[in-house]
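Number of protein chains: 2
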Amino acid sequence: MKIGLFGYGTIGRGVYTLIGQLDKSYNCEITKVFDLPIKKDLLGDKLVTVIDDIVNDDEIGTVVEVLGGHDVPYEVITKCLAKGKSVITANKEVVSQHLEEFISLAHANDCSFCFEASAGGGIPVIRTLIDNIKVNDVNDIYGILNGTTNYILTRMDEDGLSFDEALKLAQKNGFAEANPTADLEGLDIVRKINILSSIAFKGNISNEDIYHYGITGVNKQILESIKELGYALKFVASSKKVGNSAIIRVEPTMVRLNHPFASIKNEFNAVLFTGSTNGDLMFYGKGAGSIPTATAIVSDLVSILEGRSYIGYKNENALEVNKNAGNTYTYYIVGNDGKGKFRERVSDEELLAAKFYARVLD
Amino acid sequence: MKIGLFGYGTIGRGVYTLIGQLDKSYNCEITKVFDLPIKKDLLGDKLVTVIDDIVNDDEIGTVVEVLGGHDVPYEVITKCLAKGKSVITANKEVVSQHLEEFISLAHANDCSFCFEASAGGGIPVIRTLIDNIKVNDVNDIYGILNGTTNYILTRMDEDGLSFDEALKLAQKNGFAEANPTADLEGLDIVRKINILSSIAFKGNISNEDIYHYGITGVNKQILESIKELGYALKFVASSKKVGNSAIIRVEPTMVRLNHPFASIKNEFNAVLFTGSTNGDLMFYGKGAGSIPTATAIVSDLVSILEGRSYIGYKNENALEVNKNAGNTYTYYIVGNDGKGKFRERVSDEELLAAKFYARVLD
Chain A
1 MKIGLFGYGT IGRGVYTLIG QLDKSYNCEI TKVFDLPIKK DLLGDKLVTV
51 IDDIVNDDEI GTVVEVLGGH DVPYEVITKC LAKGKSVITA NKEVVSQHLE
101 EFISLAHAND CSFCFEASAG GGIPVIRTLI DNIKVNDVND IYGILNGTTN
151 YILTRMDEDG LSFDEALKLA QKNGFAEANP TADLEGLDIV RKINILSSIA
201 FKGNISNEDI YHYGITGVNK QILESIKELG YALKFVASSK KVGNSAIIRV
251 EPTMVRLNHP FASIKNEFNA VLFTGSTNGD LMFYGKGAGS IPTATAIVSD
301 LVSILEGRSY IGYKNENALE VNKNAGNTYT YYIVGNDGKG KFRERVSDEE
351 LLAAKFYARV LD
Chain B
1 MKIGLFGYGT IGRGVYTLIG QLDKSYNCEI TKVFDLPIKK DLLGDKLVTV
51 IDDIVNDDEI GTVVEVLGGH DVPYEVITKC LAKGKSVITA NKEVVSQHLE
101 EFISLAHAND CSFCFEASAG GGIPVIRTLI DNIKVNDVND IYGILNGTTN
151 YILTRMDEDG LSFDEALKLA QKNGFAEANP TADLEGLDIV RKINILSSIA
201 FKGNISNEDI YHYGITGVNK QILESIKELG YALKFVASSK KVGNSAIIRV
251 EPTMVRLNHP FASIKNEFNA VLFTGSTNGD LMFYGKGAGS IPTATAIVSD
301 LVSILEGRSY IGYKNENALE VNKNAGNTYT YYIVGNDGKG KFRERVSDEE
351 LLAAKFYARV LD
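Sequence lines, in order, name chains A and B. Anchor point for the first sequence: position 268 equals 268 in the numbering used here, and the numbering is continuous, going up by one each time. Anchor point for the second sequence: position 178 equals 178 in the numbering used here, and the numbering is continuous, going up by one each time.
These aren't lab readings, by the way, just hints derived from the structure by calculation. Treat the hints with care, since some could be wrong.
Stated by the list, open to error - The calculated BS3-like cross-link candidates involving lysine-lysine, where the alpha carbons are at most 30 Å apart (straight line), are: (1) A:24 to B:355; (2) B:168 to B:355; (3) B:227 to A:134; (4) B:339 to A:314; (5) A:220 to B:227; (6) A:24 to B:265; (7) A:134 to B:355; (8) B:241 to B:220; (9) A:240 to B:172; (10) B:265 to A:134; (11) A:46 to B:314; (12) B:202 to B:220; (13) A:314 to B:202; (14) A:79 to A:2; (15) A:323 to A:355; (16) A:134 to B:339; (17) A:202 to A:220.
What the hints assert, rightly or not - Ranges of calculated distance between the beta carbons of each label pair, as one might list FRET restraints: (18) A:229 to B:217: 15 to 25 Å; (19) B:242 to A:355: 47 to 57 Å; (20) A:70 to B:21: 31 to 41 Å; (21) B:179 to A:350: 30 to 40 Å; (22) A:9 to B:162: 36 to 46 Å.
Stated by the list, open to error - Covered stretches of chain B, going by a simulated chain A footprint (3 or more residues, C-beta under 8 Å): (23) 7–13; (24) 48–57; (25) 110–118; (26) 127–140; (27) 275–284.
Glycine residues also receive a C-beta, built at the ideal position from the N, C-alpha and C atoms.
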């Protein structure tokens with residue numbers, strides 16, 4: 001099969017390399033790569049700078065989209081699916097907003113839409129969730145879904161760094177972007193927990209309806225108090241389905257030191273979900289980085305080449321997300337005097353008025 | 001599709017129930033169940049007591065084998081695959097001995113052989129490994145693969161029970177068999193790590209070549225010393241490929257309290273493997289119990305019904321298992337005086353001469 005690649009940045013190059021290393025029996029090859037003219041030196045005749053050069057190439061059966069951003073990727077994905085080309089993407093921004101549309105387009109045009117790399121990086125959590133919801137109900141998901149912030153919290157905890165020092169170290173080591181706001185405020189996690197929840201609960205969720213509170217308020221003193229209380233601080237997304245509505249929250253969260261999440265360090269991610277028949281399942285692995293993400297993409301490609309991509313998966317219902325249900329958890333609220341108190345049944349207004357707060361998972 | 005079920009014990013009943021709950025669009029139904037005549041009251045006309053009544057039923061396209069044991073399951077599986085019926089089994093004893101033969105038979109007769117439930121219970125580790133080895137090399141596997149022994153070690157640690165008290169509690173709660181030898185000595189784990197290693201390393205391994213040492217020698221005093229040293233004691237299988245040979249060992253193992261395995265409690269299992277491109281991946285979930293196992297089986301069934309069972313998977317090489325390579329690890333060796341010492345480069349003879357010993361994973 002001939003493959004078109006959209007984007008030759010860090011992940012794109014990883015995908016290019018890994019596809020080149022696939023077993024020859026798959027007989028697949030990247031024939032065209034869309035990127036800026038400046039990549040001509042690297043790509044030679046394979047470079048195309050017009051989207052439609054790939055969209056209209058009838059020899060290309062599958063495309064990989066790793067451009068990033070919203071508008072161009074959305075155009076690429078919808079055009080390719082409409083032409084019956086299977087699409088693989090790592091783009092959580094686009095997938096979290098248009099998953100239902102992409103799946104419907106794929107069904108209508110008898111091709112596949114695969115997005116394993118859009119949440120959990122190298123962890124095969126999406127195909128596992130899709131498999132699972134066919135045999136039982138999944139009504140609870142917890143995730144450490146952002147490598148940058150988990151790296152920052154780990155370095156603060158283990159090396160006694162300040163927040164700013166840990167952030168700089170993350171940037172130096174390539175885990176944090178130059179503008180880290182989407183990571184630190186939880187927007188990146190919002191998109192990923194949206195994707196996982198949409199699959200598990202079989203419905204559509206708007207990113208705007210997901211509550212999130214960032215970790216920028218954390219400092220060494222707060223982290224030490226939390227440690228003394230016997231907890232580790234993690235940035236955790238939770239998602240719970242109750243009837244036809246969902247409660248989805250992204251918040252700094254205290255977990256006991258013997259909780260499986262306490263051992264998730266540095267750039268690793270973890271996803272824990274609870275099935276009605278098989279109970280708790282947890283997956284842990286590298287949540288970020290070019291090669292783990294590229295591995296997830298190539299794994300999707302192999303499932304397409306072998307004719308066993310996610311058949312029968314479809315979301316058709318809108319879910320009501322209950323933004324004001326935070327008070328079902330216990331919270332640890334730090335006041336302006338730097339002192340923390342455990343509180344129950346707290347409104348979001350009270351939470352947001354604190355100097356810093358963390359949810360407590362026992 | 002019409003389904004034949006071999007075995008109507010605890011797991012068989014779970015499978016029967018879950019298949020009945022599958023989405024109607026799958027249009028599948030258990031039409032015949034093989035078991036002893038005594039099950040007539042429960043099964044009515046669906047009961048058959050002769051294997052060939054299912055083998056020769058051309059309407060049955062897939063069979064589920066949950067009989068346990070070796071000889072009858074081996075006959076059932078080979079006969080059904082030869083007839084082109086897809087087979088799903090949870091039988092680690094048979095799978096660990098005949099995996100290559102079953103896969104070859106399935107390929108030759110254009111049907112599927114699925115065995116997700118044979119290792120890791122409800123954790124979808126087998127399909128994840130099979131996916132992974134297509135995109136990168138997996139040369140290291142660690143697993144907590146036996147719910148009974150993990151339950152015993154957890155109850156000893158958390159409740160201060162003696163080994164015998166914890167074993168009795170495990171039996172009372174249905175986690176341990178009346179004759180628990182295969183669990184306590186590690187034979188059950190040998191079969192499971194064999195299956196996982198055969199897949200990851202693409203070769204055939206004999207159970208007899210896998211080193212194992214049981215946990216029956218552990219007592220409260222030893223467990224306390226290990227805890228004071230900052231470790232948790234787990235029963236861990238390890239498997240490492242080096243060139244064309246493998247080092248596979250099943251031993252009591254000390255892990256640091258911040259190691260992901262330290263938080264795996266009670267009947268839960270965990271599998272950690274390292275991919276050459278995507279790094280460490282860990283999976284954690286219920287390793288035992290009728291319903292988690294039945295969930296894995298029905299998940300296999302869904303993959304067959306959707307035409308996306310493990311295509312292209314095949315083991316063709318014999319692997320040499322190096323039984324005498326224990327001294328690559330550090331060991332904690334307890335002498336007859338009850339005192340423990342850390343030692344490196346210890347021969348298996350010395351290990352087996354100790355009162356008790358545990359491998360150390362830092």
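*Hint by hint, which ones does this structure get wrong, listed from lowest number up?*
1, 3, 4, 6, 7, 8, 9, 11, 12, 13, 16, 17, 18, 21, 22, 23, 24 and 25
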